[in-house]
Amino acid sequence: MPSQSTFMASPDLRIILIDDNPGDRLLALRELTQEFPNLQAEQITDQAAFEGALATQRFDVVITDYQLHWGDGLQVLRRVKRRFPDCPVIMFTNSSNGELAAQAMKDGLDDYVTKSPRQYIRLAGAVRSALAFTRANRRVERLQSRLQTLLNRLHVGVFRASVGGRLIECNIAFLQLLGFTSSGQIQQLPFEQLYCPPPDGAPEGYWENEILLQRPDGSELWVLLSATLSAGEDGGIIDGLIEDISARKQNSEQLERRVRERTVQLEAANQELEAFTYSVSHDLREPLRNMQGLAQALLEDFSAQLPPTAHQYAQLIVRSSQQMDTLIQDLLTYSRLGRADTHPQPVNLNTVISAVLTQLQTKLQEVGAEVQVASPLPEVHGHFNTLVQVLLNLLTNAIKFVAPGVTPRVRIRADVHDREGSRWVRLWVEDNGIGVSPENHQRIFRVFERLHGSETYPGTGIGLAIVRKGIEQHGGRAGVEADLGQGSRFWVDLPPVADG
Numbered sequence: 001m002p003s004q005s006t007f008m009a010s011p012d013l014r015i016i017l018i019d020d021n022p023g024d025r026l027l028a029l030r031e032l033t034q035e036f037p038n039l040q041a042e043q044i045t046d047q048a049a050f051e052g053a054l055a056t057q058r059f060d061v062v063i064t065d066y067q068l069h070w071g072d073g074l075q076v077l078r079r080v081k082r083r084f085p086d087c088p089v090i091m092f093t094n095s096s097n098g099e100l101a102a103q104a105m106k107d108g109l110d111d112y113v114t115k116s117p118r119q120y121i122r123l124a125g126a127v128r129s130a131l132a133f134t135r136a137n138r139r140v141e142r143l144q145s146r147l148q149t150l151l152n153r154l155h156v157g158v159f160r161a162s163v164g165g166r167l168i169e170c171n172i173a174f175l176q177l178l179g180f181t182s183s184g185q186i187q188q189l190p191f192e193q194l195y196c197p198p199p200d201g202a203p204e205g206y207w208e209n210e211i212l213l214q215r216p217d218g219s220e221l222w223v224l225l226s227a228t229l230s231a232g233e234d235g236g237i238i239d240g241l242i243e244d245i246s247a248r249k250q251n252s253e254q255l256e257r258r259v260r261e262r263t264v265q266l267e268a269a270n271q272e273l274e275a276f277t278y279s280v281s282h283d284l285r286e287p288l289r290n291m292q293g294l295a296q297a298l299l300e301d302f303s304a305q306l307p308p309t310a311h312q313y314a315q316l317i318v319r320s321s322q323q324m325d326t327l328i329q330d331l332l333t334y335s336r337l338g339r340a341d342t343h344p345q346p347v348n349l350n351t352v353i354s355a356v357l358t359q360l361q362t363k364l365q366e367v368g369a370e371v372q373v374a375s376p377l378p379e380v381h382g383h384f385n386t387l388v389q390v391l392l393n394l395l396t397n398a399i400k401f402v403a404p405g406v407t408p409r410v411r412i413r414a415d416v417h418d419r420e421g422s423r424w425v426r427l428w429v430e431d432n433g434i435g436v437s438p439e440n441h442q443r444i445f446r447v448f449e450r451l452h453g454s455e456t457y458p459g460t461g462i463g464l465a466i467v468r469k470g471i472e473q474h475g476g477r478a479g480v481e482a483d484l485g486q487g488s489r490f491w492v493d494l495p496p497v498a499d500g
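Residues in the sequence shown are numbered from 1 upward in steps of one, following full-length UniProt numbering.
Because the hints were derived from the structure by calculation, they are not lab data. Do not rely on the hints blindly, as some may be mistaken.
[Unchecked claim] Restraint-style ranges between C-beta atoms, simulated for each label pair: (1) I245 <-> S279: 41 to 49 Å; (2) V140 <-> A355: 50 to 58 Å; (3) R446 <-> E243: 15 to 23 Å.
The C-beta atom is built at its ideal place from N, Cα and C for all residues, glycine as well.
Could you build all of it, start to finish, from the sequences and the hints given here?
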């Protein structure tokens, strides 16, 4: 029987339709052209036409009947998949044999549609689904290829292994660091070196460790291991990075000597810096004092002659110069924190909250936020400006991280509790925001960690890191109790005045 070929106008979708029955081909094409108006179809009725179509490679999908006078659908399926593994193949047949369908799926069939009035309409959807699945797989393969290329260009070893020591995958740098040329040479990873329990205080399932590796040629190599442990077969899965730090280790003694020498030099430099700080303080604050004094004189001596606007401007100059003077003093104080011990003082938390609310007054009004303070709050030992910064960051986050259209509501309260034989004041900042999932409770306190895109919730990703650092300087701790969609309860522990 001669082969038949029918081509449509546009090559938007190219299919091979293999079926001995011209009526079935006509019905199939009618359903397909309704879904794909620019369909290009080649109708195959014998093996020679099929072989010719395979040779041209000009098709996107193959639709085949199972029962053919020159073979069967399984043979067609296997031939197509052998040459074009990612080409979708759909079997469109009168047979409803379950074993046949199972075997075809095992051989790579993408879909199985029975010839019946109710099933004809499903053919076009099966083609569309198969194409979408194939295109998605191709995108995934391209991404995986790019990722593997990137990993192989890194000079840091990247690996995934089971806790039992079985290597699952790795990049080239990992093999080179361990002294191998291929993953097949690795019979067993040095599990006792690559895995150790995370240290206390580390994020759950994450650890870093400096390891001295023994390589097959007898040489030794210091590496820094950063790894995470997740659930999986063979006791769990380790995803890790290893970086060569041998040079750093070998130079450690020399560095220590240099550090001692630099310490002496820094002590001398600190004395010079103190003198410079005093000079900056004097030279910057003197013109501010003059500005403040002249503006105050205007208010006192010429108040009656000043128009209301000028009177307001003069008051603003006084307040701004006072604020600038305070800012300079705070900057100078901050610059000394790294060079000298800070001595905590009694701090009234009510005063801290009042200062924060004053700074945020405009923003609170803009978003219509409601802030409730459970006064009176206790006194603590600490540094006032640091605590203002801590509470400013917490309250800013509380009114920022809310769902669209939700009015921010914040409650600030405090209680006293015992920890490790000492009493602590725990200050709470509770909100009705979007919340934080439990697995991210520690992560959000790390520097530059962000859970949301800057387009949705702008920020630098260091606000909570500043909170934790500021509280740790007081000997305290910071944390959160939260879940997604249920608001957050941030807390900080501070030493009470009674323990001072």
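Here's how the hints hold up against the structure:
Between I245 and S279, the C-beta spacing of about 42 Å keeps the proposed range 41 to 49 Å intact. Checking the proposed 50 to 58 Å range against V140 and A355 shows it holds: the Cβ atoms sit about 53 Å from each other. Taking 15 to 23 Å as the suggested C-beta distance range, the pair R446 and E243 conforms, at roughly 19 Å.
In this structure, none of the earlier numbered hints is contradicted; all agree with it.
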